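J.: Here are the chains, one letter per residue:
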Amino acid sequence: MKSAVIVFPGSNCDRDLAVAIEQASGTKPIMLWHRETEIPAGVDLIGVPGGFSYGDYLRSGAMASRSPVMAAVRDAAARGAFVLGICNGFQVLTESGLLPGALMRNAGIHFVCRDVPLTVENSQSTFTARYAKGEQVVFPVAHHDGNYFADEATLDRLEGEGRVAFRYAENVNGSARNIAGILNETGNVLGLMPHPERASEPAHGNTDGARMFAGLVEGLMTAA
Amino acid sequence: MKARVFVTLKGGVLDPQGKAIHHALEGLGFSGINDVRAGKLIELDLADGTSDADIDAMCSKLLANTVIENYRIEKVG
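Going down the list, the sequences are from chains A and B. Mapping of the first sequence onto the numbering used here: residues 7 to 230, in sequence order. Mapping of the second sequence onto the numbering used here: residues 1392 to 1468, in sequence order.
Since the hints were derived computationally from the structure, they do not count as laboratory data. This structure is a prediction, so every number in the text was calculated from the model and none was measured. Just to be clear, a hint being listed does not mean it is correct.
Pairwise CB distance ranges, derived in the manner of DEER restraints [said to hold, decoys possible]:
#1 LYS1431(B) / ASP81(A): 25 to 33 Å
#2 PRO123(A) / LEU1416(B): 30 to 38 Å
#3 LYS1452(B) / ALA84(A): 37 to 45 Å
#4 GLY168(A) / ASP1445(B): 17 to 25 Å
#5 ASP162(A) / GLY1402(B): 18 to 26 Å
The beta-carbon is built from N, C-alpha and C at its ideal position, and this holds for glycine as well.
Using the sequences and the hints given, assemble the complete structure.
T.: Shown next as structure tokens:
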């Protein structure tokens, strides 16, 4: 399995994400700078990491989503590559149109940085195959702009199509319908605000996130 | 030629920043404030002859996120 992690100026979870993917797959991801215009051949998993790309200028994820590499990520997603966007990566995916909606300033204005319980809403996706529907897991969150917004019709469609992957068991940021993570129509793009890569090894004190990477690797290996 | 782009949150979209400003104004003793909404002003210095369609495309492709924001273009001089 070949993977890549995108690196923007201001990304700060790129190495954590690379470690989590490497631990699950046994192979180091290729680190791809934002100026790259192509995803290397054979890459079937692309991580869009957390951080503060371009200093969150204009809007979180706005500048990154227009960078050269994101055009290549869009093409890769269209041909079926898996794309995982975490935190700022989720913001980049909504800004780039790979996922619907937008992530706005937290309703309580504060930056929220702590462990949060989540409910797994969909265990059918490759990203969530190692979880059980309805199961509660704990991932850390660390964000200022995690308040998920979409119009009612979009929210209804997401719910109806089973595309809400994770919901906050405790709504920490004002997100519509407690949405913490969503899938695209074809199930190969997941964006979520909480950080599974920060809950992926015993030293983190929590390994709930490791199952996302293990499930992904298993799904991709089987498909290959 | 210059253009000003005003980016504002759509009606019905929660504006926590506006709410915080509202509270702060009341904290200073101002009363009678019904609501506060915060937005952005972006000033563009453009080559003469830049088309309206191009300015509009700049807004819809980058300056505003039309999922949550509206924009208004004001040409200056």
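J.: Each of the hints needs a verdict: does it hold here or not?
T.: Taking the hints in turn, this is what the structure says about them:
| no. | hint | in the structure |
| --- | --- | --- |
| 1 | LYS1431(B) / ASP81(A): 25 to 33 Å | holds, 31 Å |
| 2 | PRO123(A) / LEU1416(B): 30 to 38 Å | holds, 36 Å |
| 3 | LYS1452(B) / ALA84(A): 37 to 45 Å | violated, 19 Å |
| 4 | GLY168(A) / ASP1445(B): 17 to 25 Å | violated, 41 Å |
| 5 | ASP162(A) / GLY1402(B): 18 to 26 Å | holds, 20 Å |
In this structure, the hints that do not hold are numbers 3, 4, in rising order.
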